[in-house]
Amino acid sequence: MELNVGLELTARQRRLAAVAALLGNALEWYDFAVYGFVASALGRAFFPAELPALQTMASFGVFAVGYLMRPLGSLVLGPLGDLLGRRLMLSLSIVIMGLSSLLIGLLPTHQQIGATAGLLLVLLRMVQGFSVGGEFTGSITYATEAAATGHAGLVSSLATAGGLLGFSLGSLTAALIGWAIGDTAMASWGWRLPFLLGAAVAGLGLWMRRSMPETLPVDEGAPPIHSLGDLGGAMGWRLQQVAQQWRLVLQVMGVVSFANVLFYVCFVFLVDHAGQQAGSPAGANSVSTVVQTLGLPLVVMGGQLADRFGLIRVNRWGNGLLLLVMPLALLIGQGGSLANLAVAQGLMLLPLMATMGAQGVLGVALVPMHQRCAVFSIAYSLAMALFAGTAPLMASWLLVEQHWSWGTPLYCLLYGAMALWAVQASRSRLTPMP
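At the far end of the sequence shown sits residue 838, using my numbering, and the numbering has no gaps.
Warning: the hint list may mix true and false statements.
Said to hold, decoys possible - Using C-beta positions, here's what the derived DEER-type ranges look like:
1) Arg651 / Val526: 32 to 40 Å
2) Arg416 / Trp808: 48 to 56 Å
3) Ser741 / Gly633: 58 to 66 Å
Hints in this document: simulated from the structure, not taken from any laboratory. Ideal Cβ placement from N, Cα and C applies to all residues, glycine included.
The task is simple: from the sequences and hints, build the whole structure.
So this is what it looks like as structure tokens:
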């Protein structure tokens, strides 16, 4: 599948596109991911309960709600990216994210306004999820289309690395604030600081995206757009095209689900689990920050391997290795100590990060250019909403409530089988990479 037909960019524009996709994605994903790293504090502030485990599950439930909104965001932002351009859509998404993070940071707690506090937190988390519905896939699509010939995997992996960098920044920020003010202050008011900081850096992301070159050529077959009514009609027309591609949507979901489910189990659930079991949330965040940072070069390596050895082969290798190491890693991580957490994340690091670096460009390459933001965004968002975003909640229920240590590994195994099928089925849709 041709990725950048007719696109002519200078070397400087290509570099700018890669940097803007990486850093802009990092800033937006910092805002979205930081919630998971202060989940326990948010549970106590907004969902009072007699049992701490129920508070955690309630907080992770709101974490999952953000992912459940991603498909709705993709239904709006994805077609916008195909009709009005990648740059406008990415700029809009970061504005929405920044404003919702600001409001979460200023939100009164349950003690101050009662149950309304929890409801408002859910609503703002839904707005964040709406924003991310077009952000991650839009950034990967944009970076891949702007890449020079033979470097689509590398540049796409930089955008993916930007999202993971945002996770690392969220973890690092939560850890540093926790160490500086202590767990008591963090639970009382310190959880607000990462959100307020995220609102500030969202402005930096918007400034960067104003100078991004556009990668979407004019679609002569698209309906003309002269008003909001025309735009609504054009978006409906684009969504009808997506509906006709439902088999492709399912295939892209299969490609991306396994690695992302494992990522959220390892770097969200196990981090919170270890923090509670070891009595040191800041220590667990510190361990996760170090491991994620070490994994960033491996994401880029995955993209480079895809350029060199091919998308199918590298994605098949990555998912196969994940299936081999996943059961042992999760069983170790569920032990609950900081050492258990470090070993579990270390075992998963190479295959997980390399696969995440290679899968994005495969998702882009499978979809025709003028349907790319919509199809890729909707497929990815559905996978995150149904599978990855709910993985911490499912893992918490299986381990904490059901006391079933093999529950989470077996649950993840289902997604591994789906990923191998989807990658193998992709062979028939791909032509040589540009």
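(message) Hint by hint, where does the structure go against what was stated? Just the numbers, ascending.
(response) none
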